[in-house]
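Use the sequences and the hints to build the structure in full.
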Amino acid sequence: MDNMKLAKEKVGDFLAKLGKERFRVPQETGGSSRFAPLNGESSVDFTLSNTTVPLKSLFYPQTETLYRYEVGETAMKAPGEADEMIIMGVRPCDAKALTIVDRLFSWDPKDPYYLGRREKATIIGLACQEPRVNCFCTSLGGGPASTEGLDILMTDLGESFLFQPLTEKGEKICQEAGDVLVKSEDSDVQAAEKVHKDAASKIVRKIDSEGIPEKLPQLWDSQIWKKTSEPCLGCGACTFLCPTCHCFDIQDEIEGLEGRRYRVWDSCMFKEYTLHTSGHNPRPTRRERTRNRINHKYSYFVDKFGVIACVGCGRCINLCPVNVDILNILSQVKEAL
Amino acid sequence: MSEQFEPNLVAFVCNWCTYAGADLAGTSRIQYPPNLSVIRVMCTGRINPLFVLNALQQGADGVLVSGCHPGDCHYMEGNYYARRRFTLMKDLLEYVGVDPKRFHMSWVSASEGAKWKEVVETTVNEAKEVGPFEQFQRNKINW
Amino acid sequence: MADLEKLRAVAKETVSRDDVKYLIGWRQGTYGFRVSPHFITEPEEADKLIFSPLCSNNLATYLTLVEKLPVPRGQEPDTRKIALMVKGCDSRAVVQQLVEQGIKRESVIIIGCPCQGVVDLAKVEEKFPAVLEQVEARWDDGKIVFKLSEGEKAVPREEVLADKCLRCRYPNPVTADTLLWEKVEAESNDEYADVGELEGKAPEERWSFWEAYFSSCIRCYSCRNVCPMCYCEDCILDRLNPTWVNRSNNISENTAFHLARAFHLAGRCIECGECERVCPVNIPLMKLNRKLTKEVREKFEYEPGTDPDSKPLQASYRPNDQENFIL
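Here the protein sequences line up with chains A, B and C, keeping their order.
Mapping of the first sequence onto the working numbering: position 221 corresponds to residue 221, and the numbering continues sequentially without gaps.
Mapping of the second sequence onto the working numbering: position 89 corresponds to residue 89, and the numbering continues sequentially without gaps.
Mapping of the third sequence onto the working numbering: position 195 corresponds to residue 195, and the numbering continues sequentially without gaps.
Honestly, I wouldn't trust all of these hints.
Now the stretches of chain B that chain C is said to cover, found in silico as 3 or more residues with beta-carbon under 8 Å [unchecked claim]:
1. 22 to 30
2. 48 to 61
3. 68 to 82
4. 87 to 98
5. 101 to 107
For lysine to aspartate or glutamate, the following EDC-like pairs were computed, each having C-alpha atoms within a straight-line distance of at most 20 Å [unchecked claim]:
6. Lys226(A) - Glu67(C)
7. Lys271(A) - Asp238(C)
8. Lys202(A) - Glu133(C)
9. Lys8(A) - Asp45(A)
10. Lys115(B) - Glu323(C)
11. Lys123(C) - Glu28(A)
12. Lys226(A) - Glu42(C)
13. Lys271(A) - Glu125(C)
14. Lys299(C) - Asp190(C)
15. Lys202(A) - Glu125(C)
16. Lys226(A) - Asp78(C)
17. Lys299(C) - Glu191(C)
18. Lys201(C) - Glu94(B)
19. Lys227(A) - Asp3(C)
20. Lys287(C) - Asp91(B)
21. Lys226(A) - Asp238(C)
22. Lys127(C) - Glu130(A)
23. Lys202(A) - Glu126(C)
24. Lys311(C) - Glu77(B)
25. Lys299(C) - Asp91(B)
No lab work stands behind these hints, which were simulated from the structure alone.
Think of the CB as a built atom: it goes at the ideal place given N, C-alpha and C, for glycine as much as any other residue.
Here it is in structure tokens:
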């Protein structure tokens, strides 16, 4: 399908034509931003930088009911089907992260909750123009205009957005939008390519990930872990806000005669994450927990699924209150041995 | 609405004074509203302020904490500690926007059956005034 | 003021002592305006220590954050001291930990750094966005000077300092074994204007204010972990039996969590502002803590972390404490 163009003043029409209730867009609540349903407004603020809470929260919400039960009933009630979603304004790193998390949730057994939502979602990406200081997506096979995981790539051309449909789902959206979108010119595509190139050149922080997965197991007892984990507070900011972190805990909540089993995000940086019933903790200090976080992303996940579970979005660096910097750890890993 | 609304209230009372006072109200056949579920604890000093939060979460429309008059505590000083705690808890609840009419504290001694009736009436009437508590009730959110 | 040579010399001397396990100070972070806590065991590592307007971390946290592993049979526990660099606010945390007997006085060495205020990173990064190179900063007569690659930039302190520093009444360590340089003058009185502003609003407005923030909380527990006063070995938030606060993330549990956290700091919060600084979703937690600090000050004339010989607020009472709300 041809590339299309959406004039900025027609964004409202585009949303209305496709049905506002289907859209999920970046929104600010309190002091942070995340993807949320459109609330009444006809337009979207695409100038918001990468959301604080990553896109994963739409597919793999922090709290998710697995099933409900009632005293006296033998059957469990599964939650209803996922809603159809059109997610607009997704940064390429977040979309690429989904393709990584997909591998885990479609492993054995397949996760119906996550995959159900994935199937019903169309993702319209927005090419990054102003990468942040700590972005290092280009080091991990991504980039400010990476198309992995996207159905449509959108590029801001000043007066309008260029729509480049990438998948069948994306094409369907473009067809549904009808005459709200117009055909683009060759010059638009060239302009977009320039935007992509300029953005990529603004990414300064880099890491050569070559060799890290092989090297990590040999550094099990290295001093690196002690040194880099000393300032760590053991909070879950880095993992909860990581677009690829996917660990969860399963809990029950019982109210009177009814109950539900749900899963919630968990973090390997928490003490209770590995705590055994006996009181023994195989990862007793933050040193082991930090080591696990890096190893899981750059070694274990690679062994299992053949891909590094990090997309270089820089959130863990930006949001760490004590400057535990994953790039710094990785460069120490590179230097070691 | 407020006329039909019957609030669901929780009272944490101490074993030695208020519980005995409520008992006296009962044996004296004093009539008072039945909206209160009484939970007896040994001393107000044992009431964790989180009980109040938890009661509100679990569906209480208001909470009452009641114990011995200052100086009368069976354990000498439990109610003095409780007084400090709940002074602050009350301020905190009010500050985040929970109506102060939803939380009360009182001193009711074993001989004050009539006062117990008054306290319960005030608590129930004020809870009726402000209506059902919805701000952070669990209420099976997103089940 | 802020004599780095003296600071490093004292650190070297301290860390060389046989009875000192390690010293905690600050070092330049990996990029921009960031600073990281610096743990040193060897004298040569002291050369990286800094003290500047960027050193916002309250290091007193690390006294209680350390994991206590079981001592293997036949071995003696390590009783060496931990040396710690403190600003005025940090020292109050140490004092409060002493008051509560969370730490022992003989197990810490306090190196006091009188402080002219630290920056609020958000304010600085708004002024100088996207700075990757490591930036040094210093105080200079009412201004903060940043050493950027394009030259030095001086900014009036009011524009970049953290709010807590603009109303700081304890810039000098309350207690210290060594004071590194001369004391600085304290700010004026704190009127709790931020709390008063919110108190003046209608209850519904107050609730919608907090509701928006509480519902955006991701429960990463940064605020709890960074807090020098949150050091229960068995935190109610981690317990499952009884479950005080469910793990699920919704307005009910999040509100219960935040109120419980704030309440547990009633009469204990020393207003270092770390919880608010570390919050990844920018919840104004100090507005909550300071409400209680204000009430504690007004109703019980108590100020935590100022007197090592005082008793903890909630573990003491006066028979004539006010009780005008009691029926």
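Hints, one by one, checked against the model:
| no. | hint | verdict |
| --- | --- | --- |
| 1 | 22 to 30 | violated (count 0) |
| 2 | 48 to 61 | holds (count 5) |
| 3 | 68 to 82 | holds (count 5) |
| 4 | 87 to 98 | holds (count 12) |
| 5 | 101 to 107 | holds (count 4) |
| 6 | Lys226(A) - Glu67(C) | holds (13 Å) |
| 7 | Lys271(A) - Asp238(C) | holds (9 Å) |
| 8 | Lys202(A) - Glu133(C) | holds (14 Å) |
| 9 | Lys8(A) - Asp45(A) | holds (11 Å) |
| 10 | Lys115(B) - Glu323(C) | holds (17 Å) |
| 11 | Lys123(C) - Glu28(A) | holds (19 Å) |
| 12 | Lys226(A) - Glu42(C) | holds (15 Å) |
| 13 | Lys271(A) - Glu125(C) | violated (32 Å) |
| 14 | Lys299(C) - Asp190(C) | holds (16 Å) |
| 15 | Lys202(A) - Glu125(C) | holds (18 Å) |
| 16 | Lys226(A) - Asp78(C) | holds (18 Å) |
| 17 | Lys299(C) - Glu191(C) | holds (15 Å) |
| 18 | Lys201(C) - Glu94(B) | holds (11 Å) |
| 19 | Lys227(A) - Asp3(C) | violated (26 Å) |
| 20 | Lys287(C) - Asp91(B) | holds (13 Å) |
| 21 | Lys226(A) - Asp238(C) | violated (25 Å) |
| 22 | Lys127(C) - Glu130(A) | holds (17 Å) |
| 23 | Lys202(A) - Glu126(C) | holds (19 Å) |
| 24 | Lys311(C) - Glu77(B) | holds (16 Å) |
| 25 | Lys299(C) - Asp91(B) | holds (11 Å) |
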